[in-house]
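J.: Fit chain B to the given chain A structure using the hints.
Protein chains: 2
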Amino acid sequence: MSVRGIGVELRCRCIETERNVQIARHIESVELFPPTSHCKDTEIIATLKETGQQVCLDTTAPWVKKVIQRMLAK
Amino acid sequence: MSVRGIGVELRCRCIETERNVQIARHIESVELFPPTSHCKDTEIIATLKETGQQVCLDTTAPWVKKVIQRMLAK
Numbered sequence: 005m006s007v008r009g010i011g012v013e014l015r016c017r018c019i020e021t022e023r024n025v026q027i028a029r030h031i032e033s034v035e036l037f038p039p040t041s042h043c044k045d046t047e048i049i050a051t052l053k054e055t056g057q058q059v060c061l062d063t064t065a066p067w068v069k070k071v072i073q074r075m076l077a078k
Numbered sequence: 005m006s007v008r009g010i011g012v013e014l015r016c017r018c019i020e021t022e023r024n025v026q027i028a029r030h031i032e033s034v035e036l037f038p039p040t041s042h043c044k045d046t047e048i049i050a051t052l053k054e055t056g057q058q059v060c061l062d063t064t065a066p067w068v069k070k071v072i073q074r075m076l077a078k
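Line order of the protein sequences matches chains A and B. The first sequence begins at 5 in our numbering and counts up by one. The second sequence begins at 5 in our numbering and counts up by one.
Rather than coming from a laboratory, the hints here were simulated on the basis of the structure. Don't take every hint at face value.
One copy or two, either will do: identical chains are not told apart, so a pair holds if it fits within one copy or between any two.
Listed next, the in silico DSS-like pairs over lysine-lysine satisfying Cα-Cα at most 27 Å (straight line) [stated by the list, open to error]:
hint : residue 1 : residue 2
1    : Lys44     : Lys78
2    : Lys44     : Lys70
3    : Lys69     : Lys53
Just chain A, with the same shape it has in the complex (with noise of 0.2 Å):
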């Protein structure tokens, strides 16, 4: 469980990020949250299919950028 919730936060939504990769290709939806007052950080949820389980993703990552850009590009 790496979302906190869903809905309006008062803190980071997310407690850690998912660092396996294999993980984008089982990708539905990506949510990004731009740093508010009650979060300095940019956060990433991800949807994934089947399970429909949410996982946040590391804003950092050079995987999770190309997943974006190539979702961006198409």
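T.: For chain B alone, coordinates are given in the frame of chain A:
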């Protein structure tokens, strides 16, 4: 109303995309949906601050790409 609905869709979620660049500063979060067998386009749905309204963004618009790049840079 530019978003058809939330949840699993069997067709594209977006009917039309937002043309007003001014909304960029009102974006609370952005959700990216890669192409599927039901919708050949990547779809980007932004949730707006205050109202919580959801609008579709044009994936090819330079300002949209810029909004996302800026989020990734933080």
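J.: All the hints need checking, so say for each whether the structure fits it.
T.: The hints, checked one at a time:
1. Lys44 x Lys78: between (30 Å within a copy, 9 Å between copies)
2. Lys44 x Lys70: both (23 Å within a copy, 19 Å between copies)
3. Lys69 x Lys53: Classified as both; 19 Å inside a copy, 25 Å across copies.
The earlier numbered hints are all upheld by this structure, with none contradicted.
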